[in-house]
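Required output: the full structure, derived from the provided sequences and hints.
Read top to bottom, the protein sequences are chains Z and A.
Here the numbering used here is used: position 248 in the first sequence is 256, and no number is missing along the way.
Here the numbering used here is used: position 82 in the second sequence is 146, and no number is missing along the way.
I should point out that these hints are in silico values taken from the structure, not numbers from a laboratory.
Don't take every hint at face value.
To be verified - Derived SDA-like pairs (lysine to any residue); straight-line CA-CA distance at most 25 Å:
hint, chain 1, residue 1, chain 2, residue 2
1, Z, K390, A, P135
2, Z, K102, Z, E146
3, Z, K390, A, Y152
4, A, K346, A, W329
5, A, K218, A, L238
6, A, K141, A, L238
7, A, K141, Z, M242
8, Z, K138, Z, E117
9, A, K141, A, E239
10, A, K204, Z, G107
11, A, K141, Z, A248
12, A, K141, A, T87
13, Z, K390, A, A278
14, Z, K390, A, N360
15, A, K92, A, A278
16, Z, K390, A, S130
17, A, K218, A, F199
18, A, K80, Z, S393
19, Z, K138, Z, S72
20, Z, K390, A, I117
21, Z, K390, A, Y168
22, A, K80, A, P101
23, Z, K390, Z, T318
24, A, K204, Z, R25
25, A, K141, Z, S393
26, A, K218, A, N245
What the hints assert, rightly or not - Sample of chain Z residues with no beta-carbon within 10 Å of chain A, all distances over it, derived:
hint, residue
27, L38
28, P135
29, V264
30, G322
In this text, a Cβ means the ideal position worked out from N, Cα and C, and glycines have one as well.
Residues per chain, in single letters:
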Amino acid sequence: MRTIATLMRYELLRMLRTRETFWMLIVLPLVLIFILGNALSGYFNYEDQLVDPVEVGLVVSDESSAGFAEPLRSEAVARWLNVRDYEDRERMLKALERGEIGYGVVVPEHFAEMVMNGREAFWELHPGPKAERNLVAESVIGELLDRINLAQSVAEALGDPRAAEAAVRAGGAEGSFVTVTLPDMTGRDYSAMQYYAAQMLVMFLLYAGMAAGLSIAEEREARTLDRLRAAPVMPVHVLAGKMTGHGLVGIGQAIVIIAFTRMFYGLEWGDRYGYLLAASLFIVAASVSLAVIAAALAPNTRALQAIFMTLILGMTFLSGGFTPELGEPLERLGEFTFSFWASQSFIHLMLGSADAVVREHLAVLGSASAGLFLIAALLGRKAVSHE
Amino acid sequence: MSHVRLRQVVKRYGTKVSVDHLTLSIEKGEIFGLLGPNGAGKSTTIKMICGLIRSDQGEVEVDGESVRHRPLSVKAKIGLVPQEIALYEQLTAEEHLRFFGKLYGLRGRRLEERIDEALAFTGLTGHRNERPGSFSGGMKRRLNIACAIVHQPKLIIMDEPTVGIDPQSRNHILESVRELNRRGATILYTSHYMEEVEAISTRVGIIDHGRLIALGTIRELLTQVEEQEKLVIETEGLTDAAVEEVGRHASVRRVERRDGVLEIWLRHAQSYLQDMLYILAKHGVRIASLRSETPNLETLFLTLTGRHLRD
Chain Z
9 MRTIATLMRY
19 ELLRMLRTRE
29 TFWMLIVLPL
39 VLIFILGNAL
49 SGYFNYEDQL
59 VDPVEVGLVV
69 SDESSAGFAE
79 PLRSEAVARW
89 LNVRDYEDRE
99 RMLKALERGE
109 IGYGVVVPEH
119 FAEMVMNGRE
129 AFWELHPGPK
139 AERNLVAESV
149 IGELLDRINL
159 AQSVAEALGD
169 PRAAEAAVRA
179 GGAEGSFVTV
189 TLPDMTGRDY
199 SAMQYYAAQM
209 LVMFLLYAGM
219 AAGLSIAEER
229 EARTLDRLRA
239 APVMPVHVLA
249 GKMTGHGLVG
259 IGQAIVIIAF
269 TRMFYGLEWG
279 DRYGYLLAAS
289 LFIVAASVSL
299 AVIAAALAPN
309 TRALQAIFMT
319 LILGMTFLSG
329 GFTPELGEPL
339 ERLGEFTFSF
349 WASQSFIHLM
359 LGSADAVVRE
369 HLAVLGSASA
379 GLFLIAALLG
389 RKAVSHE
Chain A
65 MSHVRLRQVV
75 KRYGTKVSVD
85 HLTLSIEKGE
95 IFGLLGPNGA
105 GKSTTIKMIC
115 GLIRSDQGEV
125 EVDGESVRHR
135 PLSVKAKIGL
145 VPQEIALYEQ
155 LTAEEHLRFF
165 GKLYGLRGRR
175 LEERIDEALA
185 FTGLTGHRNE
195 RPGSFSGGMK
205 RRLNIACAIV
215 HQPKLIIMDE
225 PTVGIDPQSR
235 NHILESVREL
245 NRRGATILYT
255 SHYMEEVEAI
265 STRVGIIDHG
275 RLIALGTIRE
285 LLTQVEEQEK
295 LVIETEGLTD
305 AAVEEVGRHA
315 SVRRVERRDG
325 VLEIWLRHAQ
335 SYLQDMLYIL
345 AKHGVRIASL
355 RSETPNLETL
365 FLTLTGRHLR
375 D
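In structure tokens:
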């Protein structure tokens, strides 16, 4: 253990004194998360694009219909619409002309009565001059009208006209109006920044492993590895010292990236730190195992770098790490990559998915890591001796 | 008593035989020079002694212990100075020694003392906190040696430790080798510079194509080629009578005359030089130039293989 600790300590010392390590493993991922998260937010929800909610003028022509419009004032909708009440249609239209509001809605007289009696009813919608804002307002209001139609059907089925209004009110409190989600997700949405933070963290944790592989190959070429092997040290100790050193750097890297993006980019990673640590550990274990395998197979540093870069960039691409919309065949292929399960684990943790879903992803990740570790153990001697 | 013993050792790389049934014994306390051209099998032999590679056949022992069966115990007794400068750019001289000292099990005050001693021995005390990047080639070579001796091994193996350095650093290293030997270490020194091997070795082995082709003290080896010692004299007015009288001298083995150049093969040329000059003067022959060709290990290698050491 003392020998491994010595090898690990000096491996860490050498890494920390290499300026490229800091730039490559910490600064670059943070910059990429920022750039990709902002530049490619079009793939994701409106939260990334809109700064201000649309100002919507609302006219409720009779008090009995007010309950149906109430969901427009709910907390969930407040992200998209800011409702202003007007006494009558004319005043609201003038405000729309003056640009005080971006969209207008009139709930006509007897709307509630018509809905509860199962008759056809309409809202008057008045678009404003900006198409993008109209689109947002119509998406939200259209969703609410769909819900009213559904509630009307429920009320008819139950034979209780008042149930329609109750159903619309209940749905409005919790309902999600505009979302972008991956299949089998919780229904919560995530931002481009979160998506790329997960992807980049996985990619750069894999790069931490590449550093371990390069360290072995470089020592082999510089003959310092011969010097280590000439000392009374078993090859497995040399490997263990290197893997532990680079593993610790990987874990440190994960902690710094998660903490930094949470503090300065305001990213939500969830509060299940044990799972976050487990996911990071599995990725780091897999990456250093890959490093040993690559070091055993690659004849020199350049070959090792080429193998690793191809593997990491290929897996990251297929798992949607550079662009989330790859099309069916590539996305299916991506599900067979380590990066996919690793990034999905982080995304599920960000979304607050159920423990069972997270554990399922971690189990896949852990199994893959264990498999790679076993192969690395078998090829370890070859990586160090390379006779 | 043998410190290192190799018995019928064979090492192959694919179809190429790098070491071919090598049998060799290095005695405790000697400086053993292993001489041979590049690719002769010197480094492979060293790697097998240090446990870096395994022999395909035969047995390698250090201090009576098998390298194959007790590799860690054997490695702890050896200090290897590799041919390449095997140093870490990110570590200072002192950190190098602390790192390798710890790998050899040194701790605490003993480790600190050994670090100081190794730095002082190699003349690097004033550079202990500097990294190799700021060192000259000679200083790097010395740090390369310091890393190998920090644990004060009884067997020090030096694989071409003077490659690519200036004469001053070379002399410093050769003197260090003698000093380490005076302090009780057995030295195995490989080189393709025969002058170095001749200068420091008590015994020499010459290896070629993985085979040991000559073994013994310098004196023993040179007796094999002593008949090749000769004087080459460029003359004016050389006569047949002068050549005949030179040929009759007791120390002379053979005389050849090419125009005015006289080649005389004789024993102990330095001792009988005066005699030769006296005979030529007596016959009125004038000397234009004179040189003595003394056989050395290069001559021996040429005689044995038909090639030069540095071919």
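- [ ] For the pair supplied as a hint, K204 (chain A) and R25 (chain Z), confirm whether the alpha-carbon distance does not exceed 25 Å.
- [x] Roughly 20 Å separates the two Cα atoms, so the pair holds.
TODO: Measure nothing beyond the straight line between the CA atoms of K218 (chain A) and N245 (chain A); if it is 25 Å or shorter, mark the hint as holding.
DONE: holds, 9 Å
Open item on the list: Next pair to validate is K141 (chain A) with M242 (chain Z); report whether the Cα-Cα distance is within 25 Å.
Closed with: The given pair, whose Cα atoms are some 15 Å apart, holds under the 25 Å limit.
Open item on the list: Between the alpha carbons of K138 (chain Z) and S72 (chain Z), is the straight-line distance 25 Å or under?
Closed with: Violated. K138 (chain Z) to S72 (chain Z) sits at ~32 Å, over the 25 Å cutoff.
TODO: Quickly compare the C-alpha distance for K92 (chain A) and A278 (chain A) to 25 Å and report which way the hint goes.
DONE: holds, 20 Å
- [ ] Compare the distance between the alpha carbons of K390 (chain Z) and I117 (chain A) with 25 Å, and conclude whether the hinted pair is satisfied.
- [x] The given pair, whose Cα atoms are some 12 Å apart, holds under the 25 Å limit.
- [ ] Take a quick look at whether K346 (chain A) and W329 (chain A) sit within 25 Å of each other, Cα to Cα.
- [x] It holds: about 20 Å lies between the C-alpha atoms, which stays within 25 Å.
Open item on the list: Check whether the Cα positions of K390 (chain Z) and N360 (chain A) lie no farther apart than 25 Å.
Closed with: With a Cα-Cα distance of about 43 Å, the restraint between K390 (chain Z) and N360 (chain A) is violated, given a limit of 25 Å.
Task: Distance rule for L38 (chain Z), whose beta carbon must clear each one in chain A by more than 10 Å - done: holds, 24 Å
Task: 25 Å limit on alpha-carbon distance, applied to hinted pair K390 (chain Z) and P135 (chain A) - done: Distance of about 17 Å is within 25 Å: holds.
Task: Proposed proximity, L238 (chain A) with K218 (chain A) (alpha carbon, max 25 Å) - done: OK: K218 (chain A) and L238 (chain A) at ~18 Å, within 25 Å.
- [ ] Take a quick look at whether K138 (chain Z) and E117 (chain Z) sit within 25 Å of each other, Cα to Cα.
- [x] violated, 28 Å
Against the hints set out earlier in the document, violations occur for numbers 8, 10, 13, 14, 17, 19.
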